[in-house]
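A.B. asks: So the protein lines, in turn, are chains A and B.
Under our numbering, residues -6 to 107 are what the first sequence spells out, in order.
Under our numbering, residues 674 to 782 are what the second sequence spells out, in order.
Keep in mind that a hint or two might mislead.
Claimed, not checked - Listing some non-contacts, in silico: residues in chain A with all C-beta distances to chain B over 12 Å: (1) Lys4; (2) Gly9; (3) Lys10; (4) Asp11; (5) Val12; (6) Ser20; (7) Gly21; (8) Gln34; (9) Arg57; (10) Glu61; (11) Arg62; (12) Asp79; (13) Val82.
As the list claims (entries may be wrong) - In silico EDC-like links for lysine to aspartate or glutamate, alpha-carbon gap of 20 Å or less: (14) B:Lys769 x A:Glu61; (15) A:Lys50 x A:Glu13; (16) B:Lys769 x A:Glu37; (17) B:Lys769 x A:Asp49; (18) B:Lys732 x B:Glu690; (19) B:Lys769 x B:Glu690; (20) A:Lys4 x A:Asp79; (21) B:Lys743 x B:Glu688; (22) A:Lys10 x A:Asp79; (23) A:Lys4 x B:Glu714; (24) B:Lys729 x B:Asp756.
No wet-lab data here; the hints were simulated from the structure.
Just so it is clear, CB atoms sit at the ideal spot from N, CA and C, and this is done for glycine as well.
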Amino acid sequence: GAGVSQSPSNKVTEKGKDVELRCDPISGHTALYWYRQSLGQGLEFLIYFQGNSAPDKSGLPSDRFSAERTGGSVSTLTIQRTQQEDSAVYLCASSLMRGEVAQYFGPGTRLTVL
Amino acid sequence: TQLLEQSPQFLSIQEGENLTVYCNSSSVFSSLQWYRQEPGEGPVLLVTVVTGGEVKKLKRLTFQFGDARKDSSLHITAAQTGDTGLYLCAGVQGGKLIFGQGTELSVKP
Chain A
-6 GAGVSQSPSN KVTEKGKDVE LRCDPISGHT ALYWYRQSLG QGLEFLIYFQ GNSAPDKSGL
54 PSDRFSAERT GGSVSTLTIQ RTQQEDSAVY LCASSLMRGE VAQYFGPGTR LTVL
Chain B
674 TQLLEQSPQF LSIQEGENLT VYCNSSSVFS SLQWYRQEPG EGPVLLVTVV TGGEVKKLKR
734 LTFQFGDARK DSSLHITAAQ TGDTGLYLCA GVQGGKLIFG QGTELSVKP
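Here chain B stands alone, though its shape is the one from the complex (with noise of 0.2 Å):
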């Protein structure tokens, strides 16, 4: 059983089109990261939200907590061939991160 589900798993767009990741549970979370990960490289992480409807914003990403700490969004506006990779959500949960399952995201040019 997933405890954290994200989709889609798959996405591929052109260059300059928006997106929005969704990384969603039936748990509670005291807090929840975003990572990016590129092939042969281990995760990187991008933003930790904390607060229950709290927004980052990290260049053109933008990322929101749920007001119930249960999920998260991870919008990137005008999408770079640069941003393509897996994005991993992952909750905090008694201590230890509860990693997605990961959207691969293929940005074309």
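This is chain A alone, in the form it adopts within the complex (with noise of 0.2 Å):
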């Protein structure tokens, strides 16, 4: 496809079932990233991937948040046992490389932990 792409765009859960949120990015793009964005707020770093690096995890806000890269492709972002602060949109991105170039965005996955 021509740009990043991101499923499921809704998901609603129950508190403390876990979730899985898709990601796949432009074809070429050897950087992807995951961002959370609370309602109406700036995006907050979660996990960054480049080519056959180890992953930045850093953002991650607890070890309930896990994601993998397949292939250097397809991205998949867990969170188990999601809590209602999970509650947020999770927005991934993708870049030719990491620094100081363009992030092209998903529209994002809503997530609602009732």
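Both chains come to you apart, so use the hints to assemble them.
C.D. replies: What follows is the structure, given as structure tokens:
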């Protein structure tokens, strides 16, 4: 596809359940990022992948959050035992490489934990 | 602690007015980016400023990077209803983007 795609667009879950969010980056982009955005707020960095290097997990808020990137392309963000404070929009972005280059964002997944 | 402070957080103006959004930090950034985000969509890059004191213009939008590369401003001339959205500044530091909390702009006809 031409841009970054994310699925699902909306996810409603019950507290305590696990959820998986998917990101398909732009073809050829080696860098992939996950962010969290609470209502009307800026973006909070979660995790970053660059090629085959070990991911930068420094932004993950707890060990309930994890992410993987298979084959250097598709990425999945998993949240285990979801809490109400996990409710937010989860945005994925990709770029040609890390650093001072444009990041291209997907439309996000809106997660609501009841 | 917010590394990048944006102000104002909310701005509601009439079409045709001018406005300025500020992005301030005590930290130095190698470059700074401005994004615009509409509801239900991801942010879209507007501009990247790299050199201290740099000024870039994008139609009615003027972006400036502070001399010390710690702050930036976005000025919109003769705002239009289509300018409505969330404006985000993001500083590049150590290869990561550090985002401000955003400025929600509403331009009324």
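A.B. asks: Each hint should be assessed against the structure and marked as holding or not.
C.D. replies: Structure-based check of each hint:
1. Residue placement check: Lys4 (chain A) keeps its beta carbon more than 12 Å from all beta carbons of chain B (closest about 15 Å).
2. Residue placement check: Gly9 (chain A) keeps its beta carbon more than 12 Å from all beta carbons of chain B (closest about 28 Å).
3. Chain B leaves Lys10 (chain A) outside its interface by the beta-carbon criterion, the shortest separation being 24 Å against a cut-off of 12 Å.
4. With a least CB separation of 24 Å from chain B, Asp11 (chain A) remains clear of the 12 Å interface cut-off, as annotated.
5. Every Cβ of chain B is farther than 12 Å from the Cβ of Val12 (chain A); the closest lies at roughly 19 Å, confirming the non-interface assignment.
6. With a minimum CB-CB distance of about 17 Å to chain B, Ser20 (chain A) clears the 12 Å threshold, and the non-interface call stands.
7. Look at Gly21 (chain A): its CB is around 18 Å from the nearest CB on chain B, clear of 12 Å, so calling it non-interface holds up.
8. A Cβ of chain B approaches the Cβ of Gln34 (chain A) within 12 Å, the least distance being about 5 Å, so the stated non-interface status is violated.
9. Consistency note on Arg57 (chain A): stated as away from chain B, and its beta-carbon is indeed over 12 Å from all of that chain's, at 22 Å minimum.
10. For Glu61 (chain A), the condition that its CB be more than 12 Å from all CB atoms of chain B holds, with the nearest at approximately 20 Å.
11. Once the 12 Å rule is applied to beta carbons, Arg62 (chain A) is consistent with being away from chain B; the minimum gap is 17 Å.
12. Look at Asp79 (chain A): its CB is around 19 Å from the nearest CB on chain B, clear of 12 Å, so calling it non-interface holds up.
13. For Val82 (chain A), the condition that its CB be more than 12 Å from all CB atoms of chain B is violated, with the nearest at approximately 9 Å.
14. The suggested pairing of Lys769 (chain B) with Glu61 (chain A) holds, with an alpha-carbon distance near 19 Å, which does not exceed 20 Å.
15. Between Lys50 (chain A) and Glu13 (chain A) the alpha-carbon distance is near 17 Å, which keeps this suggested pair within the 20 Å criterion.
16. At roughly 11 Å between alpha-carbon atoms, Lys769 (chain B) and Glu37 (chain A) fall within 20 Å of each other, so this suggested pair holds.
17. Proximity of Lys769 (chain B) to Asp49 (chain A) is assessed by CA-CA distance (about 10 Å); at most 20 Å being required, the pair is judged to hold.
18. Between the alpha carbons of Lys732 (chain B) and Glu690 (chain B) the distance comes to roughly 15 Å, so the proposed pair stays at or under 20 Å and holds.
19. Distance check on the hinted pair: Lys769 (chain B) and Glu690 (chain B) sit about 34 Å apart at the alpha-carbon level, beyond 20 Å; violated.
20. Restraint check for Lys4 (chain A) and Asp79 (chain A): satisfied, since their Cα atoms lie roughly 12 Å apart, inside the 20 Å limit.
21. Straight-line distance between C-alpha atoms of Lys743 (chain B) and Glu688 (chain B) comes to about 31 Å, which puts the hinted pair past the 20 Å bound.
22. For the suggested pair Lys10 (chain A) and Asp79 (chain A), the alpha carbons sit about 12 Å apart, so the restraint of at most 20 Å is met.
23. With a C-alpha separation of about 16 Å, the suggested pair Lys4 (chain A) and Glu714 (chain B) falls inside the 20 Å cut-off, and the hint holds.
24. A C-alpha spacing of about 18 Å is found between Lys729 (chain B) and Asp756 (chain B), which places the hinted pair at or below 20 Å, so the restraint holds.
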